[in-house]
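These protein sequence lines map, in sequence, to chains A and B. FYI, the numbering for the first sequence is 576 to 1003, going by this note's numbering. FYI, the numbering for the second sequence is 383 to 629, going by this note's numbering.
These are computed hints drawn from the structure, not numbers from a lab. A couple of the hints might just be wrong.
To be verified - Computed cross-link-like contacts, DSSO-like style, restricted to lysine-lysine with a CA-CA straight-line distance of at most 27 angstroms: (1) B:K564 x A:K965; (2) B:K564 x B:K533; (3) A:K846 x B:K564; (4) A:K897 x A:K927; (5) B:K521 x A:K832; (6) A:K897 x A:K630; (7) B:K521 x B:K564; (8) A:K938 x A:K927.
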Amino acid sequence: MSAIPAGVEGFLHRFDGLRQRLPGARLPWLRALREAAAEAFRIQGFPTRRAEAWKYTDLRLVAEAGFEEPLSAIDDDPALPAPRGPYRAVFQDGRFREDLSTLEEAPFAAASLAAALPALEARLGALARPAEAALVALNTALFEDGLVVTVPAGVAGGVLELLSFASAGERPAAFHPRHLIRLEAGASLTLIETATGPAKARYLHNPVYEIELAEGATLTHARLQQEGLAAFQLGTAYARVASGATYDNFTLNAGGKLVRNEIHVVLEGPKAACHMNGAQLLRDGQHADTTTVLDHAAPDCASRQTYKTVLSGRSRGVFQGKIHVHQVAQRTDGYQMNQALLLSPEAEIDSKPQLEIYADDVKCSHGATVGEIDADQLFYLRARGIPEAKARAMLVEAFLTEAVEGVQDPVARDALQAAVAGWWEKAA
Amino acid sequence: MLKIEGLTAEVEGKPILQGIDLELPAGEIHAIMGPNGSGKSTLSYVLSGREGYEITGGSVTFDGIDLLALEPEERAAAGLFLAFQYPVELPGVGNALFLRTALNALRRHRGEAELDAMQFLKLARERMKALSMPEDMLKRGVNVGFSGGEKKRNEVLQMALLRPRLAILDETDSGLDIDALKIVADGVNALRAPDFSALVITHYQRLLDYIVPDRVHVLMGGRIVQSGGPELAKQLEASGYASVKAA
Ligand SMILES: Nc1ncnc2c1ncn2[C@@H]1O[C@H](COP(=O)(O)OP(=O)(O)OP(=O)(O)O)[C@@H](O)[C@H]1O
Ligand SMILES: [Mg+2]
């Protein structure tokens, strides 16, 4: 077995070897896009902690690991969870599994990106910014597949599941799916995403989302990140929210060894709204980073962010939240809250809120707290006969409640609550 | 049922309990009175196992077993219940879930079948009606946004559901209106049985008109300095603790 070249070189080497074979290799616009992205990745390299946006998250583990493209022959079938709705798109190692997916009857168009590429010139790359983000550049150069969804105007799309599985390969695999979600005027969709993988497999899942919401559309986007504990997930989502539309994102970071959940949202029409909630549940040895960049670029928009991190063992959590209120964005109503619960003295949380306000009539607040389990609350529960482990679990769940209850869609909320409860049972 | 002998305890190096001797036989209700800061709540916390108290001497047995060696939840399982002077708020923990979890933990321990949500609700509604508590208190966070009196009633509701064998009521009457006081007293009296005992900590004789104690103890400076029958409470009400000091 030959050694896999690591780091930037390794990925560029793979790009050289694959460029003729990657999906859409014969589309000139896509070739140009990939070439430019590979060049952008070469110039930027992996971000280091010297970069302000990466101050608290060190990617050396990722940069030093050598990855391969996943094996092309997929023979094992992942164990699929019980469906949460009639429509699901299944991806294994970043590739669409048509045989496991059920999309035909959906009242919206949903398909494999690889198959749809010829029609995507105007859409693919409309929001992502590879020149500014090395991981997005890497995704653009090497993506093989993804999900393309278009919900027509006025259609209530219901629940769509996006399931991502990593398989247990001999050698570390990297996959970089690109998902394009578009809701036309007045459309709605609940997208529930679950990402999992084998407990001990080392792999890199580097998804990029481009999300466009037209006037009055509503997207609930629940992401349950439950990757294997040796895995890396570095995800970047870009969302553009038009007038009167709502983007409701909830990200649960429970798996992975090193995880970054980066979300860029632009509220670009009046009365657009955005909820970004999340929970990070971290055990010994895990590092999870949630970074949000929110642009209030139109008047009368509202944004709500509530992030909660629970840290046990020697784990590390990061929250960075930037809100940029443009000069035109009068009567902005912005709120950001970030709270951490430390269950161990060795756990660590870093938090960096950043408000840049250029409009004068603005209501914008933010706060951050770090605490431990309250001794009086714990005693109160125990004094009523509730065993200590259960009492702690109840207080952790109570801590997370506010973030989970912020999710409007009941199916997404139930899925999150179940995932939170499941995490604790394993951790306790 | 409860036997406290020579109990001494410190908080942050400061001696608070300075040799408590008290025997509470099964079926009896004893009142503890005493000035502010004399150690009444400290005693109730030490008995229920709160952290932060160093037991420097003495012993406590509950039905012959060493109470101080047990974890708080084990004491509760053994039948001890403390109605807190200052009930704790638990935002995000629903009152119904809290009560059911506590009740089922005890039922499991007693070898009884756990109650499902419906069975529990039926029982809780019954008990709440008896305490004139509005039903929506089940839906709210534990003690969150409860008035002072509602918090105390919620303590009594917990007691009524958990049916302890030894209840310690730490100023459960403080902050209650006259009707509520009667309701709380009825709640305690309803538990009276040959196998039920209670320590009722109070500043006011009034409560003892409704819950007539078998004995009254005066706790001062971390010691029981005087004990007597119900008439002792009346005497204290009339002449204050100065008369005790003189004695
Ligand atoms: N954590 C603590 N640190 C320092 N001193 C404490 C602590 N807890 C209690 N004390 C002290 O112990 C003494 C006894 O307090 P305790 O609460 O037991 O009194 P009490 O008899 O219940 O009074 P009250 O009638 O006001 O409720 C007081 O002087 C109090 O200040
Ligand atoms: Mg007290």
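Here's how the hints hold up against the structure:
Among the hinted pairs, K564 (chain B) with K965 (chain A) is inconsistent with the structure: their alpha-carbon atoms are about 35 angstroms apart, more than 27 angstroms. This hinted pair checks out: K564 (chain B) and K533 (chain B) have alpha carbons roughly 16 angstroms apart, not beyond 27 angstroms. Note on K846 (chain A) and K564 (chain B): the hinted pairing is violated, with a Cα-Cα distance of about 55 angstroms set against a maximum of 27 angstroms. For the proposed pair K897 (chain A) and K927 (chain A), the alpha carbon gap of about 8 angstroms is at most 27 angstroms, so the pair holds.
Taking the CA atoms of K521 (chain B) and K832 (chain A), the gap is about 38 angstroms. The hint is violated against a cut of 27 angstroms. Simply put, K897 (chain A) and K630 (chain A) have alpha-carbon atoms about 14 angstroms apart, close enough for the 27 angstroms limit, and the pair holds. Taking the CA atoms of K521 (chain B) and K564 (chain B), the gap is about 25 angstroms. The hint holds against a cut of 27 angstroms. With a C-alpha separation of about 20 angstroms, the suggested pair K938 (chain A) and K927 (chain A) falls inside the 27 angstroms cut-off, and the hint holds.
The earlier numbered hints that this structure contradicts are 1, 3 and 5.
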